[in-house]
Structure formats: structure tokens, C-alpha cells
Amino acid sequence: MTPSSAPARVAVITFPGSQDDRDAVLALNNLGAQAVPVWHADEELPDVGAVVLPGGFSYGDYLRAGALARFSPAMEAVARFAADGGIVLGICNGFQILCEAGLLPGILRGNVSLDFVCRDVPVRVERADTAFTSRCASGQRLVIPVKHGEGCWYADDELVSELEENGQILLRYEENPNGSLRDVAGVINREGNVMGLMPHPEHAVDPLLGSPDGALILESMLDAVRERAAVPA
Amino acid sequence: MKVSVLVRPKAGILDPQGEAVEGSLRKLGFEVSGARVGRLIDLEVEGSPDEARTKVDEMCHKLLANPLIESYEIELHDA
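If you're matching them up, the sequences are chains G and F in order.
Numbers 44 to 276, taken from my numbering, label the letters of the first sequence in order.
Numbers 923 to 1001, taken from my numbering, label the letters of the second sequence in order.
Isolated chain F, as found in the complex (with noise of 0.2 Å):
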């Protein structure tokens, strides 16, 4: 099963990426706010929806975020 894993910074943590992307932006010409710069992880896992929706919280917990700064977000897709 394809598993996506959307990392994002937490919210109220400073994101100094995301302001800098956000100033680029405007300098093009956007009219842009709230860009904050995250992480995609695609993942194959094998099991059941729900088996696979454990595993890859437990990876989350373990490796793929940080819980200090980061929130994350599991997204199973239809094989």
C-alpha cells in the first residue's frame, strides 16, 4: 500500500524557510502569506489500511518527525 507522510513544521514554530520562500514570492509578484516549508515521505508498506496506518505512526514517532517542532499527517492511497 503507497503511503504519503506529510511532515509539516509545527505551528507558531518559527519557520525561516518559509519566510524566505514567502519573500521570493512577492518579489515575483504573489501575493503570498502563511508559506511555511515542510517534508514529503512516500512510503510502500505492506498490511491492511489500518495495519499500515500503525506502522507508519510508529515511524513517524520514531524517526520520521520530531515531535518538538514538526506535526505530522499519514495519507494511505488505493493501491
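So that you can see chain G by itself, here it is in the shape it has in the complex (with noise of 0.2 Å):
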């Protein structure tokens, strides 16, 4: 048996408040990889290949959205699993979690309309050429949905001029659901290995509820899991 034939092991953590861990870990076991629960008070990893945050409102969003949850023990071990080049996704809060915690660039405010959005949204791709789009072409336009009130991503003219200029802007907005800078739906850290998107492709994986394109995000992050285990260390 090859290392690559394994499936790919992926923890998804709950904080208190989550709620899309359980079709965080559906959608993956779905997509042939072995979910692992962990719970944010756990201070180790188990022995995974990558990390999904779920979406949520973790902490109640008190102070900010993503503020608190970034302090919590098991956040500290996803940082040291980032820093060593783990693989790492935030969705809707993940995300929020994500900037709070340094991991990605820029910040999410709340919503210019002030509303909640929920609906499917068009997003493009604009790179095919990273951990979480390789499955994708460039440019490819998907269909997700998006479910937050705080999603308006925001950086200062600086960072997003660095941030293009790198290519970090790894996802955007064909319709902009919540008046996000530069209609940026998805960024990713300038290493390569820790996204962050608003939409959510766990809940994306099946035609039978509307869209599977978030399973491009999911398979492409599953395939480059497989990839680096059949490397040998």
C-alpha cells in the first residue's frame, strides 16, 4: 500500500459556538477523507494533514467576530501546525478566526448593508495554481453559498496592493453580497498553505442540494493532503 492510498486525515475543529463543524465533517468524509473532531479546549493536534476551521458564531462573535476564539488552546496548536507549513482552511468564521489570528491577512467588518446575507453566490477563481484550487481552471466562475453577517473583508490600501501583487486573493465575488474591498471572497497567506473564504463549500458538495463546486475546494485541499503524505519526509 502507497502512503498516497490512505485517506487523507483532516481535523475539524468545534469551538463553543460552532455550527457547521458536523457538515464540515460530513462533507469531508463524503470526499473520501477521514474527519477528526477536535474540540477547541484540546492543546494538541492529533496526527492529521490538514485543519479545517467551521463556520459559526464561536464565542457568541463578542468584542469581534473571530477575537476570542483565536486564544483558545487549541488555536495555539493550529498556529504552531501553520507555522510548520500544515495545511490549513477557514470557512465563514474560520475565516474571521484566521485574520484575528494573524494567519491571514486583512479583517472582517460587518456587512456594508448592515443585513445578513444568505444565499448562493457566483465566486471566481483567480489562481488554479495553489493547495485549495488545484481541481479548479483560473477564472473558473463557482456557485457557493454564503451565510454571515460580517463579511466585508477589509485591508488597508497597502496590504491589498501587496496582497495582488503576490496574488493572495485566491478567491472573489462575481455578485458582492456584503461590499467586501475589491470583491475579495478568499485570501491566502503568502506561503501557500492557510486559506480563508466567506462562502462555504462544505455545505457545496452535492447536487442534490444545489451546487457541488465547494467540492473543487474541499478535493483540491483532500489531493494536496495525499500529495505531501506520499512524499517521503
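Keep in mind the hints are simulated off the structure, nothing from the lab.
We put the CB at the ideal spot given by N, CA and C, even for glycine.
Worth double-checking, as some hints may not be accurate.
Only some residues are given here: those of chain F computed to face chain G with a beta carbon under 8 Å [unchecked claim]:
| id | residue |
| --- | --- |
| 1 | L936 |
| 2 | P938 |
| 3 | Q939 |
| 4 | A942 |
| 5 | V943 |
| 6 | N988 |
| 7 | L990 |
| 8 | I991 |
Build the complex: two chains, separate frames, hints provided.
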């Protein structure tokens, strides 16, 4: 048996107030991965190839969305995992947590409309040469649902120019639902191992429920995990 | 020592909440402009005024304000 034939193991962290953790586990398992639930108070991560921070309202979104979750023991472990090059995907609240933790650039603010938005949105994949988009084509349009009140991504001019130059803006809305700067729907870190996005790929993995486009992002991530596992250390 | 931290959206940052509040005030007949909505955090901190200020400044950096979008002001109150 080659290492690459083993299922990709992915930790899914549950914070108090997470609500999409079980959908993330279900989606990953349906895509052939082995999802491993992790509680926010756990100080160590299990042996996994990637970590998913799910959507929800961790710690009630008190102070700022994601601001309190970043100090949980599990997040400290995730920060170490990411620093060692581990693959981390933050979805919605998970994206907010990664921004607050300084693992991704920018911040998510209240939607410009002040309304909670919950609907399918088209997003454009800006780059297909990353661990999270390798199954997509550059410029491909994906339809994935959003559901958030604080999804308006913001960064100052200097930071935005830097991100554009580095190709770190990975997904852009084709119809901006929240007023995010430059239509940003998802960003990746400079090193390419941490990504966050407001749309929910885990809610878009089955044609029966609408679009299966979210599976492309999750499967890209699982490919990256398996590829890494196949490379002898 | 009692300390208040005032957190505000930075100048130039769009503040939809402030705009909504301003719109409602205008509907009520008040002539206002420049409404901005921030946050007030009251704390009790041990130590001298200088020590308290230093500690609260660190709290602001680490948690209470996000420097990308917010500015803060620390007010010390007499015991």
C-alpha cells in the first residue's frame, strides 16, 4: 500500500458556538477523507494532514468575530501547525478567526448593508495553482452559498496592493454580497498553506442540495494532503 | 483603578452602523452629521495609574482593538 492511498486525515475544530463543524465533517468524509473532530480546549492536534476551522459564531462573536477564539488552546496548536507548513482552511467564522489570529491578512467587518446575507453566490477562482484550488481552472466560476453578517473583508491600501501583487486574493465575488474590498471572497497566505473564505464549500458538495462546486475546493485540499503524505520525509 | 477604553472605527474607515444611526436620527428630525459607532469597555485594573495605563495599552494591542480598523483611547478614573 502506498502512503497516498490512505485517506487524508483532516481535523475539524469545534469552538463553543461553531455550527458548521458537523457539516464539514460530513462533507470531508463523503469526499473520502477521514475527518477528526477536535475540541477547542484540546492543546494538541491529532496526527492530521490538514485542519478545517468551521463556520458559526465562536464565543458568540463577542468583541469582534473571531477575536476570542484565536486564544483558545486548539488555536495555539493550529498556529504552530500552520507555522510548520500545515494546511489550514478557514470557512466563514474560521476565516474571521484566521484573520484575527494574524494567520491571514485583513479583517472581516459587518456587511455594508448591515443585513445578514444567506444565498448562493458566484465566485471567480483567481488562481488554480494553489493547494486549495488545484481542481479548478483559473477564472472558473463557482457557485457556493454564503451566510454571514460580518463578511466584509477589509485591508488598507498598502496591504491590498501587496496581496494583489503576490496573488494572495484567491476568490472574488462576481456579485458582491457584503461590500468586501475589491470583491474579495477568499485569501491565501504568502506561503500558500493557509486559506480563508466566506462562502461555505462544505454546504456545496452534493448536486441534490444545489451546487457541488464547493467540493472542488475541499478535494483540492485533500489532494494536497495526499501528495504531501506520498512524499517521503 | 477604574479604566475606560473607547474603541472607535478609524478615521476614513466606512462605518455602516454609524451611517444607519445617523439616517435614523435625521428621520427623527435631528440635524446631525458624522455619526460613528464605537465601543466602550470598562475595566478595573490593579496598580498605579502609570502601571494601569501600560497594562491596558497592552490589552488593546492584544485583544480589545484591531489596529487595521480601530483606534482606541484609554481613560483613567480616580478611585
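Each hint, compared with the structure:
no. : hint : result
1   : L936 : 7 Å, holds
2   : P938 : 5 Å, holds
3   : Q939 : 7 Å, holds
4   : A942 : 6 Å, holds
5   : V943 : 10 Å, violated
6   : N988 : 6 Å, holds
7   : L990 : 5 Å, holds
8   : I991 : 6 Å, holds
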